[in-house]
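**Student:** Protein chains in written order, with UniProt numbering: chain S, 1 to 234; chain A, 1 to 234.
FYI, nobody ran anything at the bench for these hints, they're computed from the structure.
Honestly, I wouldn't trust all of these hints.
Intra- or inter-copy, both count: the list cannot distinguish identical chains.
When the alpha-carbon atoms are kept at most 30 Å apart in a straight line, the in silico BS3-like pairs for lysine-lysine are as follows [unchecked claim]:
| no. | residue 1 | residue 2 |
| --- | --- | --- |
| 1 | Lys19 | Lys89 |
| 2 | Lys194 | Lys19 |
| 3 | Lys19 | Lys8 |
| 4 | Lys8 | Lys89 |
| 5 | Lys19 | Lys7 |
| 6 | Lys194 | Lys7 |
| 7 | Lys89 | Lys7 |
| 8 | Lys194 | Lys8 |
| 9 | Lys89 | Lys194 |
Quantities reported herein were computed from a predicted structural model and do not represent experimental measurements.
Protein chains: 2
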Amino acid sequence: MGEHSSKKYDEELEAIRSKVLLMGGIVETQFLDAMTCFRIGNLERAERVMREDDTVNQLEVSLDDACSHLIVRRQPTANDLRTVMATIKVITDLERIGDEATKIARTAKSLHSRGQASINHYEMVRGIANSTSDMLHDALDAFARNDGAQALQLIAQDAVIDHEFRSIMRNLITFMMEDPRTISAALDTLWVAKAIERIGDHAKNIAEYVIYVVEGRDIRHTKLVPQLQDDTPE
Amino acid sequence: MGEHSSKKYDEELEAIRSKVLLMGGIVETQFLDAMTCFRIGNLERAERVMREDDTVNQLEVSLDDACSHLIVRRQPTANDLRTVMATIKVITDLERIGDEATKIARTAKSLHSRGQASINHYEMVRGIANSTSDMLHDALDAFARNDGAQALQLIAQDAVIDHEFRSIMRNLITFMMEDPRTISAALDTLWVAKAIERIGDHAKNIAEYVIYVVEGRDIRHTKLVPQLQDDTPE
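Required output: the full structure, derived from the provided sequences and hints.
**Tutor:** Written as structure tokens, this is what we have:
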């Protein structure tokens with residue numbers, strides 16, 4: 001690729017990456033808004049999360065398209081192509097994070113409108129929500145700065161989130177057994193915890209793609225990555 | 001692209017597509033084996049599902065790689081590139097189906113080794129498992145034959161699966177409330193149902209990519225596709 005063409009490629013790639021980061025900012029806000037709705041039943045926030053889902057979906061389609069066009073027009077070399085491939089995968093993960101945030105908002109809205117929400121339910125997932133929110137933020141930051149070292153640290157973080165999820169599930173089972181009338185609300189809390197845990201999985205995927213670009217190797221499914229041994233109950 | 005280069009491209013693409021279909025066959029078998037383990041507690045089958053997960057993961061990495069190399073070497077035009085892009089996305093969905101099948105096998109194994117499995121639990125998910133297995137098979141068939149019409153039919157099928165899932169959840173809540181001692185086993189059944197419902201989502205994604213290739217348009221997130229309104233409890 002000549003210098004001129006390479007410069008064009010860099011510019012176009014940067015424009016795509018900026019839009020991916022914009023998309024990342026939107027899904028981060030969706031997640032925070034969904035948790036606020038779960039905490040205090042702010043239904044207006046829940047509606048906003050659901051509305052933003054359309055924006056995120058449109059961004060996914062247009063960014064996939066922009067990546068295709070970049071490949072066709074600039075015919076990147078193996079190294080540059082690796083970056084575009086990773087970007088395409090990151091876009092998919094961001095869209096799924098938006099989906100999970102939307103599910104949280106919908107569940108929170110339903111729980112509050114049935115009058116079954118309690119601060120205890122929020123307290124149960126507060127820890128995992130904070131860890132996951134930090135992890136997502138750091139994953140986007142690692143993507144923005146192409147920081148392989150930061151991305152590598154995040155991968156270990158996912159195991160912590162999985163552990164928190166299993167502990168929440170055990171607690172919820174105890175509560176349900178003690179008072180079967182709370183089963184329906186406890187299950188809603190469990191879906192929220194599950195959606196948060198999935199957001200953690202997607203953040204881990206993003207971190208893996210950053211490492212793939214920076215290190216030039218595919219670390220998915222290798223020993224380097226602590227594999228998720230179990231995300232179902234014992 | 002010259003005729004010679006185009007022929008090479010076609011050959012290489014066909015080689016990739018055959019391997020994707022092989023991967024599809026493996027995850028289909030994983031899903032069936034996992035359900036057999038859930039039904040009759042065949043632990044050897046569960047082990048096989050988990051072993052196959054490694055094969056599926058390796059296929060994902062090597063196929064992503066093959067797609068990158070195809071793009072670099074053959075520099076496909078917009079139309080051909082669309083096929084490669086769709087293939088890359090299908091590979092991701094197949095890998096996730098393998099993950100979900102592995103979760104089912106793990107849950108089934110745990111349920112049986114705790115002596116808590118009952119034929120009632122299997123009966124509750126039998127319907128959704130059969131619908132989803134058919135849907136996955138048809139999605140792979142539509143992908144193999146580039147059959148946009150068949151793919152379009154499948155997208156409506158996903159709404160049926162979501163409906164079945166919500167009905168299972170309502171039943172399980174009733175059971176749990178009637179006998180809190182069954183909560184732990186009921187939750188395991190719920191995770192199995194949830195994993196099946198996710199396999200249906202991935203099969204729908206595959207169908208959407210087939211349509212994207214055949215029709216040359218991106219139907220994700222459009223009115224044509226009945227959007228999943230809710231996969232959390234009412």
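**Student:** Now tell me if each hint is right for this structure.
**Tutor:** Hint by hint, here is what the structure shows:
1. Taking the shortest Cα distances, Lys19 and Lys89 sit within 30 Å of each other both inside one copy (14 Å) and across copies (20 Å).
2. In this assembly of identical chains, Lys194 and Lys19 lie within 30 Å of each other by CA distance solely inside one copy; the values are 28 Å within and 33 Å between copies.
3. When the C-alpha separation of Lys19 and Lys8 is checked against a cutoff of 30 Å, the pair qualifies only within one copy, where the shortest distance is 17 Å, while the shortest distance between copies is 35 Å.
4. Taking the shortest Cα distances, Lys8 and Lys89 sit within 30 Å of each other both inside one copy (22 Å) and across copies (27 Å).
5. For a Cα distance limit of 30 Å, the shortest separation of Lys19 from Lys7 inside one copy, 19 Å, qualifies, whereas the shortest one across copies, 36 Å, does not.
6. For the homomeric pair Lys194 and Lys7, neither the shortest alpha-carbon distance inside one copy (43 Å) nor that between copies (47 Å) is at most 30 Å.
7. Taking the shortest alpha-carbon separations for Lys89 and Lys7, both the intra-copy value of 24 Å and the inter-copy value of 28 Å come in at or below 30 Å.
8. In this homomeric assembly, Lys194 and Lys8 never come within 30 Å of each other (Cα to Cα): the closest approach is 42 Å inside a single copy and 46 Å across copies.
9. For the homomeric pair Lys89 and Lys194, the shortest alpha-carbon distances inside one copy (22 Å) and between copies (24 Å) are both at most 30 Å.
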